[in-house]
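Take a look at the letters that make up each chain.
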Amino acid sequence: MDTMMDRVDLVIVGGGPAGMSAAVAAYESGVKNLLILERDSHLGGILQQCIHNGFGLHRFGEELTGPEYAWRYEKLVHDYNIPYLTDTMVLDITPDRVVTATNSERGVFTIAAKAVILAMGCRERPRGALNIAGSRPAGIYSAGTAQKYVNLKGYMPGKNVVILGSGDIGLIMARRMTLEGAKVHAVCELMPYSGGLARNIEQCLHDFGIPLRLSHTVVEIHGRERLEGVTIARVDERRRPIAETREYIPCDTLLLSVGLIPENELSKTAGVPLDRVTNGALVDQDRQTEVEGIFACGNVLHVHDLVDFVSEEAEIAGRSAAAYIQGQSAEALDIPLSVDGRVRYTVPQRITQKKDVTVFFRVADVYRNVTLKVLDGDRVVLKKKKPKMAPGEMESVTLKPEQLAGAAGLRFELEVG
Amino acid sequence: MYDIAVIGAGVVGGMIARALSAYRLSVCILEKGHDVAVGASCANSAIVHAGFDAQEGSLKARLNVRGSELMAGVCEELGVKYKNNGSLVIGFCDEDRETVETLRRRGEANGVKGLRVIDQAELRRLEPNISENAVCALWAPTGGIVCPYELTIAAVGNAMDNGADLRLDFCVSSIDRIAGGWRIRAGAEAVEAAAIINAAGVYADGIARMVGDNSFSIHPRRGEYVLLDKECGGLVSHTIFRTPTKMGKGILVTPTVDGNLLTGPTSVDMQDKEDKATTAEGLSRVMTEAQENVRGIPFGKSITSFCGLRAVGSTGDFIINRFGEGFFNVAGIESPGLSSAPAIAEYVLELLRQAGVKLEPKPGYNPRRPAMHAFREASAEEKNRIIRENPAYGRVICRCETVTEGEILAAIRTNPRPRDLDGVKRRTRAQMGRCQGGFCSPYIVGLLAEELHIPYEAVTKSGGKSVINVGRTKEV
Ligand SMILES: Cc1cc2nc3c(=O)[nH]c(=O)nc-3n(C[C@H](O)[C@H](O)[C@H](O)COP(=O)(O)OP(=O)(O)OC[C@H]3O[C@@H](n4cnc5c(N)ncnc54)[C@H](O)[C@@H]3O)c2cc1C
Ligand SMILES: Cc1cc2nc3c(=O)[nH]c(=O)nc-3n(C[C@H](O)[C@H](O)[C@H](O)COP(=O)(O)OP(=O)(O)OC[C@H]3O[C@@H](n4cnc5c(N)ncnc54)[C@H](O)[C@@H]3O)c2cc1C
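Chains as they are written, first to last, in our numbering: chain A, 1 to 417; chain B, 418 to 893.
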C-alpha cells in the first residue's frame with residue numbers, strides 16, 4: 001500500500017470491450033505507460049454473462065459468444081502486456097485527471113494521468129424508476145441480474161415468467177429461461193414497437209412461440225413474500241393504461257428490461273458535461289469530452305446494441321487519447337451538431353477537425369420511407385434515404401472533410417414519407 | 418423465566434429493551450418478523466418532529482418534545498445517523514398563515530424552542546427551490562432527520578450486547594397466566610416472563626386482547642412514498658411540510674440522512690394490517706403534491722417507492738398504560754412515534770418502577786454501539802489501515818453505494834444478525850442505491866449462504882417463501 005501518487009500516461013476506467021479496445025488502440029499508437037482499472041474480478045464487462053451467439057458479425061465476420069468476443073481483446077491485452085488491475089473500483093476522478101481507486105492489495109490509492117478514458121458501461125433501470133404499484137415481494141429482477149444468476153451462478157430465479165420491456169437483454173433472457181425449462185408467458189412492451197433488434201425478436205420470441213404484447217405494461221404486482229402474479233393492461237396513445245383491458249397473469253418471476261442507464265457518476269465527479277438525451281458525455285469526433293484529456297467510449301457514452309460498434313468507437317478514443325498524450329493537434333474547427341427531435345441524438349455532438357467523421361444517431365419512433373438530411377443553415381450537406389428507421393437500431397452517416405469545410409453548424413433532420 | 422418480555426422489535430420495542438438492558442433484569446424481545454425493524458419502523462418519513470403538531474397536554478406532545486431533545490445523544494451513542502436540519506411548514510394563503518401561527522403557539526405551549534414565523538423573502542433564502550406560491554412558513558430549527566431502521570437495529574443490537582435475547586419468527590399467538598407471570602406462545606414455542614411489554618405496532622390491540630384488555634383498538638393507515646436518487650438530495654435542505662388542512666397533513670419533501678430525497682406520505686385508512694402495497698393513485702398523488710411544494714423535483718430519478726402502515730389508536734393519543742399485574746401496553750404509537758421513542762422508553766421505565774419492578778443498574782452496561790457506517794466515513798489512511806488488516810474491506814460489492822465485502826460480513830456477524838437480503842440492505846445500504854441490487858445481489862446471496870451455512874438457493878429476500886432462486890439450472 002502506498003501513499004505516493006503513481007504517474008501514468010493513460011488510465012482506462014472499465015475493462016469491458018470498450019476499455020480493452022481503447023487500451024489496445026492506444027498501445028498500438030505508441031502509449032506504453034497505461035493502466036486499465038476494472039472493478040469486476042475479470043476483464044470482459046457485460047460480455048462475460050452473454051453466453052449466447054451474435055457478437056462480432058461486423059468485426060470478425062463470424063458469430064461469436066460474448067465471452068469469445070471478449071477473449072479476442074483480452075488476448076491482445078495479454079500479448080502486449082498491457083497492465084490492468086481487476087477487483088479495483090475507481091471512486092473518483094478530478095477534472096485534472098487524478099484518479100482515486102481502491103482494492104484489497106493497495107487500499108485506497110491515487111494515480112495522476114495525462115489522459116483518462118471513461119469506459120464504465122451502463123446499468124439496468126430498476127423497478128423503482130417505473131413506480132409500478134403493488135407489493136414488494138421476491139421474484140422481481142432486472143433481466144441482467146437474472147442473466148447473472150442463470151449464466152454465471154447456475155441458479156434459476158423462477159419457473160413462470162413475465163418480462164416487461166422488449167430490450168435486447170429481455171429478449172435474450174426470454175429464450176434463455178425457456179431453454180432452462182421455465183415458461184415465459186409474455187413479453188410486454190409499453191411502446192407500439194420493440195426497442196430490441198429485429199433478429200432477437202425473431203430468434204428469441206417467435207422461434208419459441210413467446211407472445212410479444214406491444215402497447216402493454218405491468219400495472220400491478222401481487223404477492224407478499226414471493227411474486228404470485230402481475231396485472232397487465234393495454235395502454236392508449238399517451239401510454240396510459242386502459243382499465244377495461246386489465247388482465248391477471250399468475251407468475252413467480254417478473255424480469256425487467258426497461259432500459260439501460262450509462263454509469264456516469266464518475267464522469268460527473270470529473271466535471272464532464274453530459275448530453276440530456278444520451279445521458280452520456282458530450283464529445284467531439286475523437287470522443288474527447290468537454291474536459292480536456294478525458295475521453296469516453298462504449299455504453300457509458302451512449303447505449304450500443306452491437307458490441308462491434310463499441311470496439312470501433314473505443315479504438316477512436318484510444319488513438320485520440322494517444323495523440324493527445326503525444327501532443328499532436330490538428331487544425332481546429334468548431335461545428336456543433338444539432339437534431340430535430342425525430343433524430344434524437346448524435347454522437348459526436350461536435351466536430352473539431354477536418355477529416356472523415358462517422359456520426360452515429362438514433363431516431364425517436366419507427367419511421368418509414370425516410371430521408372435523413374444534414375443541413376448547414378439552408379445548405380444540404382448530405383442526404384440519405386432508407387425504407388425504415390427504428391429506435392432499436394443505431395444509424396450512421398460519414399461526413400467528408402469537404403462537407404465540413406466552412407460549416408457553421410450541422411443540423412440532422414428526418415423527412416418522413 | 419425472563420423478568421420482562423418485549424413483544425415487537427420496532428423502534429419502540431427496541432428502545433425499551435435497550436433501556437431495560439441497563440438494569441439487572443433478564444429481557445427477551447419477541448418478534449414475528451424474520452428480522453427486526455420490519456413494521457412501521459422501516460417505512461416512515463424519518464423525521465424527528467420538533468413537537469408543534471400534537472395537542473397541548475397530550476402524551477404525544479410531551480413525549481415528542483422530550484424525545485426530540487434526547488434523539489441527538491441517543492444517535493451519537495448508538496452510532497446512528499442523525500441530522501438536525503430544521504423543518505419548515507409552508508403556507509400559501511391567509512388561511513394557511515393563521516394555521517401557521519396556531520402551530521407556533523401550540524409548539525410554544527408544548528415547550529418547542531426557537532419557533533419563528535418567517536416571510537416569503539426569508540423562506541426563499543433558506544430554500545431557493547421552494548414553490549413560488551409559498552408566502553410564509555413556520556421555521557422549527559430543532560426539527561431533524563434520522564434513519565429509522567438503523568436506529569431500531571442499533572437499539573436492539575445494543576440491548577443484545579448488554580444481555581437481552583432476541584427471538585425472531587416468533588409470532589405471539591396466545592398468552593396465559595402462570596404462577597409469577599405469563600406463558601407467551603407462538604405456535605408450538607413458548608417463552609415465560611414475569612412481565613410483558615406490548616409494543617406490537619398495528620397488532621398491539623390483538624396482543625392486549627390475549628390478556629383480556631379490550632379497552633382500545635388499532636387500525637392501519639397507509640402512507641406511500643417515492644424515494645429519489647442521491648443526485649436529488651440537495652434540492653432542499655430542510656424538511657418541507659405543507660400547512661395542514663381539513664384534508665390532512667399533506668405531502669412532505671425532505672432530504673434523508675443518506676442524502677436521498679424523500680417525498681410522501683399519503684394517508685388512507687385501511688382494513689388489512691398486512692397490505693403494504695403501493696397504488697397507482699397514491700404514487701401519483703405523492704408526485705403531484707410534492708411538486709406543488711418544491712419546484713423541479715425530477716421524478717424521473719425515482720429509485721424506489723414504498724408504503725408504511727401507521728398504527729392509529731382508538732383514543733387519539735399514545736396508549737401507554739398498565740393492564741393488571743405485569744402487563745404494559747405501548748400502543749397506538751403512530752407519528753410522532755419515531756421521534757418520541759427515546760422518551761417512550763424513559764416513560765415506560767417509570768411505569769415499571771411505579772409498578773414495583775426493581776431497577777438496579779447493571780455493572781458493565783455499555784450504552785454505546787460501534788457505528789454501522791464507520792468504515793465509509795473513515796479517512797483514506799484509516800481505510801488503508803483497515804484494508805491492510807482485512808483485505809475484504811478493499812473489495813467493493815455494492816457499486817452504487819460503495820459498500821465493501823468487509824462491511825457486509827461485519828454486518829452479518831453483528832447483533833442482531835441479518836439472515837436475508839433485506840436485512841443486509843438495511844444494515845449496510847448495499848442494494849439501496851440507484852441500481853437497487855442489480856449488480857450486487859448475486860454476490861450478497863453468496864455471502865449470506867456461506868455465513869449462514871445454507872444452500873445458495875435457500876437465501877431469501879425477507880424470510881418465509883421469499884426465495885431469490887428456486888433451484889439450480891436444468892433442475893426445474
Ligand atoms: C444481455 C446483453 C445482450 C447483448 N447482446 C448483444 C449481441 O447479441 N450482440 C452484440 O454485438 N452486442 C450485444 N450486447 C451489447 C454489448 O455487449 C455491449 O454494448 C458492450 O458490452 C458494451 O461494452 P462496454 O465496454 O461499453 O461496457 P461493459 O461491458 O458494461 O463494460 C464496462 C466495464 O466497466 C467496469 N466499470 C464500471 N465502473 C467502474 C469503476 N468505477 N471502476 C472500475 N471499473 C468500472 C465494469 O465493471 C465493466 O466491466 C448485449 C448486451 C447485453 C447486456
Ligand atoms: C407513513 C408513516 C410515516 C411516519 N412518519 C413519522 C415521522 O416522520 N416521524 C415520527 O416520529 N414518526 C413517524 N411515524 C411513526 C413511526 O414510524 C412509528 O410510531 C414507529 O415506527 C412505531 O414503532 P413501533 O415499534 O411501535 O412499531 P413497529 O415498527 O410497527 O413495530 C412493531 C413490531 O411488532 C411486531 N409484531 C406485531 N405483532 C406481533 C406478534 N403477534 N408477535 C410478535 N411480534 C409482533 C411487528 O412485526 C413489528 O416488527 C410514521 C409512521 C408511518 C406509518
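Derived by calculation from the structure, the hints in this document are not laboratory data.
Be aware that a few hints might be false.
What the hints assert, rightly or not - With a straight-line cut-off of 27 Å between C-alpha atoms, the simulated DSSO-like cross-links for lysine-lysine are:
1. Lys882(B) / Lys690(B)
2. Lys500(B) / Lys530(B)
3. Lys354(A) / Lys400(A)
4. Lys373(A) / Lys355(A)
5. Lys383(A) / Lys355(A)
6. Lys354(A) / Lys373(A)
7. Lys718(B) / Lys530(B)
8. Lys354(A) / Lys388(A)
9. Lys159(A) / Lys530(B)
10. Lys153(A) / Lys114(A)
11. Lys800(B) / Lys268(A)
12. Lys718(B) / Lys159(A)
13. Lys530(B) / Lys498(B)
14. Lys268(A) / Lys718(B)
15. Lys647(B) / Lys530(B)
16. Lys386(A) / Lys159(A)
17. Lys718(B) / Lys500(B)
18. Lys647(B) / Lys183(A)
19. Lys891(B) / Lys498(B)
20. Lys891(B) / Lys268(A)
21. Lys159(A) / Lys114(A)
22. Lys153(A) / Lys882(B)
23. Lys690(B) / Lys183(A)
24. Lys354(A) / Lys384(A)
25. Lys498(B) / Lys647(B)
26. Lys153(A) / Lys891(B)
Here is what the structure says about each hint:
no. : hint                  : result
1   : Lys882(B) / Lys690(B) : 19 Å, holds
2   : Lys500(B) / Lys530(B) : 17 Å, holds
3   : Lys354(A) / Lys400(A) : 8 Å, holds
4   : Lys373(A) / Lys355(A) : 20 Å, holds
5   : Lys383(A) / Lys355(A) : 19 Å, holds
6   : Lys354(A) / Lys373(A) : 20 Å, holds
7   : Lys718(B) / Lys530(B) : 36 Å, violated
8   : Lys354(A) / Lys388(A) : 30 Å, violated
9   : Lys159(A) / Lys530(B) : 59 Å, violated
10  : Lys153(A) / Lys114(A) : 39 Å, violated
11  : Lys800(B) / Lys268(A) : 24 Å, holds
12  : Lys718(B) / Lys159(A) : 31 Å, violated
13  : Lys530(B) / Lys498(B) : 22 Å, holds
14  : Lys268(A) / Lys718(B) : 16 Å, holds
15  : Lys647(B) / Lys530(B) : 31 Å, violated
16  : Lys386(A) / Lys159(A) : 42 Å, violated
17  : Lys718(B) / Lys500(B) : 24 Å, holds
18  : Lys647(B) / Lys183(A) : 38 Å, violated
19  : Lys891(B) / Lys498(B) : 46 Å, violated
20  : Lys891(B) / Lys268(A) : 43 Å, violated
21  : Lys159(A) / Lys114(A) : 51 Å, violated
22  : Lys153(A) / Lys882(B) : 21 Å, holds
23  : Lys690(B) / Lys183(A) : 34 Å, violated
24  : Lys354(A) / Lys384(A) : 21 Å, holds
25  : Lys498(B) / Lys647(B) : 16 Å, holds
26  : Lys153(A) / Lys891(B) : 13 Å, holds
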